[in-house]
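Residue numbers (this note's numbering), protein chains in the order written: chain H, 1 to 410; chain G, 1 to 410.
The set of hints was computed from the structure by calculation and includes no laboratory data. One should not assume that every hint holds.
To be verified - Here are the computed distance ranges between Cβ atoms for each label pair: (1) G/ALA205 to H/ASP389: 34 to 40 Å; (2) G/ARG361 to H/ASP249: 24 to 30 Å; (3) H/ALA14 to G/PRO352: 52 to 58 Å; (4) H/GLU107 to G/GLN353: 22 to 28 Å; (5) G/ASP281 to H/ASP389: 41 to 47 Å; (6) G/GLY172 to H/ASP77: 49 to 55 Å; (7) G/GLN408 to H/ARG378: 48 to 54 Å; (8) G/GLY108 to H/SER56: 28 to 34 Å; (9) H/PRO245 to G/GLY135: 49 to 55 Å; (10) G/VAL280 to H/LYS395: 47 to 53 Å.
To be verified - Not close to chain G: a few residues of chain H, all C-beta gaps over 10 Å, as computed: (11) ALA18; (12) ASP72; (13) GLU99; (14) PHE177; (15) VAL204; (16) THR222; (17) LYS260; (18) GLU265; (19) VAL280; (20) THR310.
As the structure is a prediction and not an experimental result, all values here were calculated from the model. Quick reminder that beta carbons are idealized off the backbone N, C-alpha and C, glycines included.
Number of protein chains: 2
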Amino acid sequence: MTTSADAVASAHAAFHDAAHAPGMPIVAVIGDGQLARMMHTEAIELGLSLRVLAGSHDASAAQVTKDVQIGDYTSLDDLRRAVSGAAAMTFDHEHVPTEHLRTLIAEGVNVQPGPDALVNAQDKLVMRKRLRELGAPVPPFAAIESVEDARAFWQAVGGAVCLKARRGGYDGHGVWFPDSEVELVSLVEKLLGAGTPLMAEKKVALVRELSAMVARTPSGETKAWPVVESVQTDGICTQAIAPAPGLGDALQQEVRALAKTIATELGVTGALAVELFETVDVAGQPEIYVNELAMRPHNTGHWTQDGCVTSQFEQHLRAVLDYPLGSTELTAPVTVMANTLGADEDPAMPMPQRMQEVWKRYPEAKIHLYGKGHRPGRKLGHVNVSGTDVEATKKAALDAAYFIVHAQWP
Amino acid sequence: MTTSADAVASAHAAFHDAAHAPGMPIVAVIGDGQLARMMHTEAIELGLSLRVLAGSHDASAAQVTKDVQIGDYTSLDDLRRAVSGAAAMTFDHEHVPTEHLRTLIAEGVNVQPGPDALVNAQDKLVMRKRLRELGAPVPPFAAIESVEDARAFWQAVGGAVCLKARRGGYDGHGVWFPDSEVELVSLVEKLLGAGTPLMAEKKVALVRELSAMVARTPSGETKAWPVVESVQTDGICTQAIAPAPGLGDALQQEVRALAKTIATELGVTGALAVELFETVDVAGQPEIYVNELAMRPHNTGHWTQDGCVTSQFEQHLRAVLDYPLGSTELTAPVTVMANTLGADEDPAMPMPQRMQEVWKRYPEAKIHLYGKGHRPGRKLGHVNVSGTDVEATKKAALDAAYFIVHAQWP
Ligand SMILES: Nc1ncnc2c1ncn2[C@@H]1O[C@H](COP(=O)(O)OP(=O)(O)O)[C@@H](O)[C@H]1O
Ligand SMILES: Nc1ncnc2c1ncn2[C@@H]1O[C@H](COP(=O)(O)OP(=O)(O)O)[C@@H](O)[C@H]1O
Ligand SMILES: [Mg+2]
Ligand SMILES: [Mg+2]
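Using the sequences plus the hints, can you model the full thing?
Here it is in structure tokens:
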């Protein structure tokens with residue numbers, strides 16, 4: 001006898017099977033956010049296909065994809081279901097438990113990037129230590145396991161302290177700049193008390209932030225994109241300018257080489273973002289420190305969709321499948337990406353009308369939306385604009401992004 | 001009591017609802033081929049969403065889309081189901097019966113392009129007459145309703161006859177070049193006998209074929225892409241070179257203006273392809289004739305995905321929703337599109353390996369595959385390559401496309 005539940009399950013299975021062209025590999029993406037969504041865009045064009053492990057059917061990536069498996073990325077069984085028959089497993093976030101990845105690998109799953117690489121993106125202290133070992137320039141740092149550690153570090157760096165949660169932080173959640181030793185100590189007491197493992201590093205006198213992105217295949221091919229300037233507002237990336245204006249050729253080459261070295265030494269596969277600080281050394285020359293690593297397509301790489309021969313999403317798919325990497329040549333002298341972050345209140349003007357207003361003024365604005373409902377500060381989409389003049393291009397991208405969220409011009 | 005069928009239906013309905021972000025318009029696309037598939041790619045990025053009326057779940061567009069309605073585009077009820085709740089209805093082919101479109105419009109559906117425009121793309125004789133009325137240059141032509149019509153036309157054009165089925169032709173199916181009056185007569189007898197309405201036109205001494213694409217909104221905004229050269233092999237478009245090499249500025253402007261006039265006068269909305277013949281006039285100067293019209297994204301516009309700020313698929317969606325149109329500026333001096341048409345035999349080398357071989361040699365090749373199984377002559381995908389030099393770019397695109405289907409270099 002066929003029950004309703006059986007019938008639904010078998011209809012779903014047949015439906016999901018139809019999502020994959022015969023002879024073409026399936027990539028299973030763990031995560032249902034905009035990164036998975038934009039991977040799907042590229043997968044469609046390449047004739048590859050994606051399976052998404054999603055929390056719900058209306059999540060950003062699940063919304064637009066046919067083969068959606070509903071599940072929890074912390075459940076080994078759900079992960080197993082998601083990767084069944086897939087040529088590779090990859091991620092739109094770094095939060096899948098390492099032990100599950102090891103189990104899946106033992107079971108023959110092709111996990112890219114693997115857990116030994118990923119751990120360097122999951123734990124900021126592990127990352128810092130590993131980077132220092134590699135000889136990458138990093139700010140002075142220390143593990144903070146007690147109030148004493150905190151006091152000692154405050155003294156050591158003369159009060160220029162940046163305190164960080166070792167795990168789980170994003171968009172500036174998990175980063176604090178205490179103004180006094182007292183504030184630091186009280187923060188540390190509270191956080192350690194709540195079970196949050198901590199580290200601290202020297203607060204760097206930033207001139208600006210940069211991002212160096214690279215992709216690497218399991219076979220070891222690497223390809224770097226031009227280094228970009230990234231603008232962070234309250235810890236969230238709000239803009240990226242590609243290539244980074246005024247970055248000297250020598251420094252550009254040095255940073256690209258550094259990103260490749262990190263990718264290779266850490267065994268990263270897929271896209272890697274190396275977030276950097278640019279400061280000024282005693283001689284007044286630009287100096288670089290590595291901030292953190294993300295092992296997946298990254299917000300500072302969204303510009304590649306419209307400003308580069310190969311986007312980070314296509315490159316990530318090629319890389320995790322161990323295919324030859326694509327050209328990272330620019331298609332325009334400058335491309336600016338501006339994030340559209342949900343305003344405090346969602347304006348009454350419907351989103352489609354906002355898009356139209358933007359396009360009336362800027363027909364060249366490339367609007368990317370993630371299919372998400374409004375929430376203050378939420379990443380709802382981004383706008384890319386390419387051009388020849390940095391200032392004009394920046395103005396167009398920022399104006400457009402502002403209008404998308406505020407329904408008025410800045 | 002819930003039956004299995006009810007349960008499946010309600011699970012499907014909930015699933016399809018999840019495919020559409022709240023507040024964002026749904027575009028219903030009638031057709032499940034690669035054009036609908038590539039519209040979906042752009043819809044994802046724009047945050048719009050597509051519903052596809054497909055013949056089966058594994059069809060090219062259905063494969064990658066969440067909201068798939070299975071049905072027949074000649075069934076009014078299936079069309080009604082597909083457009084329910086959609087902001088606009090559009091097409092990936094021109095074969096939906098005109099009377100159904102009129103009924104749907106009467107029921108309040110926003111059909112773009114509408115039946116009065118579409119009829120000019122559905123019937124080559126109607127199209128020719130309308131183009132002549134507009135003053136567009138067309139080859140001499142006549143309706144062929146009898147053997148006498150055929151004989152008279154043969155005499156009138158001195159034997160340079162191109163016979164065409166008025167409806168339903170594509171990729172050269174439905175186009176004949178009889179070598180003698182006898183052959184013409186026997187063809188005409190056979191075809192008319194089989195109920196195929198016919199027309200004939202003068203066989204033009206082609207120098208080459210061009211394609212002028214333009215998009216138009218219901219409000220009347222038009223935007224033209226640069227005119228391209230299209231290479232047809234046995235009636236199938238095999239290459240497009242953008243912009244058309246050596247086309248003088250004056251002729252380029254004239255042809256773009258002509259395409260805009262046709263779009264406006266015929267009330268076309270969405271993408272319009274105007275296929276053209278370039279010949280030489282008595283003074284040795286290039287001369288243009290209009291061949292035919294397609295009211296949808298077109299094979300000669302695939303290059304826009306990688307060579308233009310706004311692709312034809314994004315532009316089509318913007319146009320049918322009556323949104324402002326995007327910039328049609330080039331992103332590279334030259335872009336060549338080469339079709340990958342199924343070889344006589346499908347080589348043993350798996351498709352993913354062929355892609356890898358192509359990318360090893362041409363990391364800049366943009367491979368687009370449609371998720372279709374092999375069939376000789378079938379359009380399985382295309383390759384776009386951008387560059388600076390026409391010959392080198394052409395070689396890369398043609399080599400790549402050749403390898404994709406033959407698993408060897410030409
Ligand atoms: N050591 C530091 N000195 C100065 N600013 C810092 C430092 N560390 C982080 N920041 C600022 O805080 C932002 C977020 O820190 P980061 O470690 O990248 O956290 P997240 O994981 O939330 O992105 C950085 O982009 C930078 O603007
Ligand atoms: N009048 C003509 N003179 C010379 N060649 C023609 C003529 N009409 C069609 N052709 C050739 O046949 C091809 C297919 O004709 P077309 O009417 O465009 O049919 P289809 O609808 O199959 O694309 C054209 O692209 C062109 O190469
Ligand atoms: Mg960061
Ligand atoms: Mg044609």
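Each hint, compared with the structure:
no.	hint	in the structure
1	G/ALA205 to H/ASP389: 34 to 40 Å	47 Å, violated
2	G/ARG361 to H/ASP249: 24 to 30 Å	28 Å, holds
3	H/ALA14 to G/PRO352: 52 to 58 Å	24 Å, violated
4	H/GLU107 to G/GLN353: 22 to 28 Å	25 Å, holds
5	G/ASP281 to H/ASP389: 41 to 47 Å	43 Å, holds
6	G/GLY172 to H/ASP77: 49 to 55 Å	53 Å, holds
7	G/GLN408 to H/ARG378: 48 to 54 Å	50 Å, holds
8	G/GLY108 to H/SER56: 28 to 34 Å	32 Å, holds
9	H/PRO245 to G/GLY135: 49 to 55 Å	51 Å, holds
10	G/VAL280 to H/LYS395: 47 to 53 Å	48 Å, holds
11	ALA18	4 Å, violated
12	ASP72	18 Å, holds
13	GLU99	31 Å, holds
14	PHE177	35 Å, holds
15	VAL204	35 Å, holds
16	THR222	13 Å, holds
17	LYS260	16 Å, holds
18	GLU265	24 Å, holds
19	VAL280	36 Å, holds
20	THR310	8 Å, violated
The structure fails to meet hints 1, 3, 11, 20 from the earlier list, while all remaining hints are met.
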